[in-house]
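Engineer: Sequence:
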Amino acid sequence: MRPFKLKLLTMGLALLGIVGLIAPSFAQQAPPSTVLFTNATIFDGQNETLAQGMSVLVEGNKISKIAKSIPVPQGATVIDANGKTLMPGLIDAHWHTMFNFAPVSTILGIDFGLLNILAADASEKVLMRGFTTVRDVGGNSFAVKHSIDMGITNGPRIYPSGGYIGQTAGHGDFRGPNDVPATFGGELDYQQRVGNTLIANGVPEVIQRTREVLRMGASQVKAMGGGGVTSLYDPLDVTEYTFEEAKAIVDVAKSWNTYVAVHINTKNAMKMWIEAGAKSMEHGFFIDDEVAQLMAKNGVWWSMEPMQNDGPIALKFESPISTAKYTELLKGLDQAVASAKKYKVKTAFGTDILFDPELGKKHGQFLLAMLKWYTPFETLKMATADNAELLQLSGPRNPYPGDLGVVKEGALADLLLVDGNPLANLELVTDPDKNFVIIMKDGKIYKNTVK
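Once you know that position 378 of the sequence shown is 377 in numbering that gives the first Met the number 0, the rest is easy, because the numbers rise by one and skip nothing.
There are no misleading hints in this set.
Taking CB as the label site, the calculated pair distances span: (1) Asp309 x Lys253: 39 to 49 angstroms; (2) Pro31 x Leu231: 42 to 52 angstroms; (3) Gln51 x Lys450: 15 to 25 angstroms; (4) Ser68 x Pro102: 49 to 59 angstroms; (5) Ile109 x Lys253: 27 to 37 angstroms; (6) Thr76 x Glu274: 45 to 55 angstroms.
It should be emphasised that the hints constitute simulated quantities derived from the structure, not laboratory data. Here a beta-carbon is modelled for each residue, glycine too, at the ideal position from N, C-alpha and C.
Could you build the full structure based on these sequences and the hints that come with them?
Structural biologist: Okay, structure coming up:
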């Protein structure tokens, strides 16, 4: 055997040994489980009319059959839903695995190893709130994602963006006030070294950083296209990146057959990034009729969050600069919703829960807040089937091929059994401990309190 081939074989065997140590489940796969739900009322994620008295058979990680009556397979676990509502697992289209559970000062000052441990712990709580999938739009969540996928920790499916790509003095620039001017080609700050954020200026740099996050396993690319709330050096009116830089980021994502989700709010910035080819406007608080028409024409999604100035889900900030920005942004939300609905812009539901140890506990209340503009059916369809459609934009970069967000034959078995009808009473989703009696992800039951 040639030395080069021998070296590759040795490296491969060593890698297999490492995987065997950290993920014994890879070497000894458990036999596929079979679960039969009977007497269920089904909300399929797509249709407002509920199917009554149905049986749903889950074999392995997929829904294999839906019918009025299904013979009990040998060895199956049978769950009598007793008329309760079986629905798809919830999807949060704007989530930050690494940033949702502690104040910004803690997140930016903590060791990255400990940050991963805390993020894994918080991710299990996300799953137990009924969110079986999240689209992570910024932060180095790859290790947490892999630990969940390998069965080491519990949590939702994660569609990772990796470090978000932003300009100097942009929304992703978390350096201190005296850290500029920086030396050209100098060392990266800590948040960049651990891959939570990536500062890039000019076409060559943004091309390199975009390729790097895709190399690390990003399912979609997150770029910063305008001023943000938690960053202190970029006013809201600033358009971030030039058209050439924006197009370079989009072109690299296209070459990998995926898309760019862009943090953005102002009209001018959105028009530029739509022209550059970005496919998801994150936040977009200042969408108006002109921008909404452009989005609809170009198949661009609006990933919105039902934020509030007051009440249980109002975001709180350590800096008065951030508080003032947040207040200003929310002035445009009603108009943005009206324009998006008027021109039938594809709309996704997210929360953007950030830097708050208590807000995650209120995850479902963000859904309830949608009632200001949408019906319960529209809200739940958005948080299931519609969000799943957005996830499909990642094409071959999709880490979980298959149908999500729906209850249908052949779909991935991410399911909730709800004690009640959430289409008639959306408040049920605000108390998952009480009302979500079954939580299933990928065919595995993580919670079962059926009586």
